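Novice: Listed below are the residues making up each chain.
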Amino acid sequence: RKEVEQDPGPFNVPEGATVAFNCTYSNSASQSFFWYRQDCRKEPKLLMSVYSSGNEDGRFTAQLNRASQYISLLIRDSKLSDSATYLCVVNKQAGTALIFGKGTTLSVSS
Amino acid sequence: DVKVTQSSRYLVKRTGEKVFLECVQDMDHENMFWYRQDPGLGLRLIYFSYDVKMKEKGDIPEGYSVSREKKERFSLILESASTNQTSMYLCASSLGTGNSPLHFGNGTRLTVT
Numbered sequence: 001r002k003e004v005e006q007d008p009g010p011f012n013v014p015e016g017a018t019v020a021f022n023c024t025y026s027n028s029a030s031q032s033f034f035w036y037r038q039d040c041r042k043e044p045k046l047l048m049s050v051y052s053s054g055n056e057d058g059r060f061t062a063q064l065n066r067a068s069q070y071i072s073l074l075i076r077d078s079k080l081s082d083s084a085t086y087l088c089v090v091n092k093q094a095g096t097a098l099i100f101g102k103g104t105t106l107s108v109s110s
Numbered sequence: 001d002v003k004v005t006q007s008s009r010y011l012v013k014r015t016g017e018k019v020f021l022e023c024v025q026d027m028d029h030e031n032m033f034w035y036r037q038d039p040g041l042g043l044r045l046i047y048f049s050y051d052v053k054m055k056e057k058g059d060i061p062e063g064y065s066v067s068r069e070k071k072e073r074f075s076l077i078l079e080s081a082s083t084n085q086t087s088m089y090l091c092a093s094s095l096g097t098g099n100s101p102l103h104f105g106n107g108t109r110l111t112v113t
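Chains as they are written, first to last, in the numbering used here: chain A, 1 to 110; chain B, 1 to 113.
Calculated from the structure, these hints are not laboratory results. As the structure is a prediction and not an experimental result, all values here were calculated from the model. Don't take every hint at face value.
[Stated by the list, open to error] SDA-like, lysine to any residue: derived pairs with alpha carbons at most 20 Å apart:
hint	chain 1	residue 1	chain 2	residue 2
1	A	K92	B	G96
2	B	K18	B	R73
3	A	K102	B	I60
4	B	K70	B	G96
5	B	K57	B	G96
6	A	K92	B	N99
7	A	K79	A	M48
8	A	K92	B	L95
9	B	K3	A	Q38
10	A	K79	A	A20
11	B	K57	B	K3
12	A	K42	B	P101
13	A	K2	B	G58
14	A	K42	B	G40
15	A	K42	A	K2
16	A	K2	B	G40
17	A	K42	B	E30
18	A	K45	B	D38
19	A	K45	B	T111
20	A	K45	B	M54
21	A	K42	B	Q6
22	B	K3	A	L46
23	A	K42	B	T86
24	A	K45	B	T83
25	A	K92	B	V112
26	A	K45	B	N99
27	A	K102	A	T24
[Stated by the list, open to error] Far from chain B, by Cβ distances over 10 Å, these chain A residues were calculated:
hint	residue
28	F11
29	V13
30	S28
31	Q31
32	S32
33	N55
34	T61
35	Q63
36	R66
37	S68
38	L74
39	A97
40	K102
No residue lacks a Cβ here, since even glycine has one placed at the ideal position from N, Cα and C.
Looking at chain A on its own, in the form it has when it is part of the complex (with noise of 0.2 Å):
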């Protein structure tokens, strides 16, 4: 099993639509869990960290599964300019570095 496996799509969806991705993760052991945004040629940056708890900013769910080893993003009134690379990111274990999946590529259309 990769350490982090992400759909690559892309997704295609209309303006206004509900769209969610999901990322499984191999390592039981791992503690920190984000989703990376990244635009074309651009470095990626930080969309949200995902809590244990589940959290939202604005239109962005995401949540945390550690039983089935996964974490999701739900994205609402999808936006044109949501349209990008998201990238889900865990670390190996406690302390050490980030673990980046290949991202999934939204594409929202007018």
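Please build the complex by placing chain B on the supplied structure of chain A, with the hints as guidance.
Specialist: Chain B alone, transformed into the frame defined by chain A:
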């Protein structure tokens, strides 16, 4: 705002050359990282450092070395550049706590001919 600065945006080098990629952060972060990003392979960790003069191998350290003589600066060295090291190189930093996110520089696109 955290600022991570990479010395070059684009770099072209010849096979066999020794290449230095420099990265500086201004937020007194303990941790610094070097990743490379290639189409279809995503971001892969080359080396990281938790403190001055400390270094740890990542997933793909072969052909690379690093130097961290000062807290704010982390250098990636390609001892003898090869064409398969053509890639986008991304430097990042984070606080010393385990749950700290990474802050990236804007990358160096290296072409080895």
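Novice: Now look at each hint and say whether the structure bears it out.
Specialist: Hints versus structure:
no. : hint             : verdict
1   : A/K92 <-> B/G96  : holds (16 Å)
2   : B/K18 <-> B/R73  : holds (19 Å)
3   : A/K102 <-> B/I60 : holds (16 Å)
4   : B/K70 <-> B/G96  : holds (16 Å)
5   : B/K57 <-> B/G96  : holds (17 Å)
6   : A/K92 <-> B/N99  : holds (12 Å)
7   : A/K79 <-> A/M48  : holds (17 Å)
8   : A/K92 <-> B/L95  : holds (17 Å)
9   : B/K3 <-> A/Q38   : holds (17 Å)
10  : A/K79 <-> A/A20  : holds (14 Å)
11  : B/K57 <-> B/K3   : violated (24 Å)
12  : A/K42 <-> B/P101 : holds (17 Å)
13  : A/K2 <-> B/G58   : holds (16 Å)
14  : A/K42 <-> B/G40  : holds (16 Å)
15  : A/K42 <-> A/K2   : violated (25 Å)
16  : A/K2 <-> B/G40   : holds (14 Å)
17  : A/K42 <-> B/E30  : violated (24 Å)
18  : A/K45 <-> B/D38  : holds (17 Å)
19  : A/K45 <-> B/T111 : violated (24 Å)
20  : A/K45 <-> B/M54  : violated (26 Å)
21  : A/K42 <-> B/Q6   : holds (13 Å)
22  : B/K3 <-> A/L46   : holds (14 Å)
23  : A/K42 <-> B/T86  : holds (17 Å)
24  : A/K45 <-> B/T83  : violated (28 Å)
25  : A/K92 <-> B/V112 : violated (32 Å)
26  : A/K45 <-> B/N99  : holds (16 Å)
27  : A/K102 <-> A/T24 : holds (12 Å)
28  : F11              : holds (17 Å)
29  : V13              : holds (22 Å)
30  : S28              : holds (16 Å)
31  : Q31              : violated (6 Å)
32  : S32              : violated (5 Å)
33  : N55              : holds (13 Å)
34  : T61              : holds (18 Å)
35  : Q63              : holds (17 Å)
36  : R66              : holds (15 Å)
37  : S68              : holds (21 Å)
38  : L74              : holds (20 Å)
39  : A97              : violated (5 Å)
40  : K102             : violated (4 Å)
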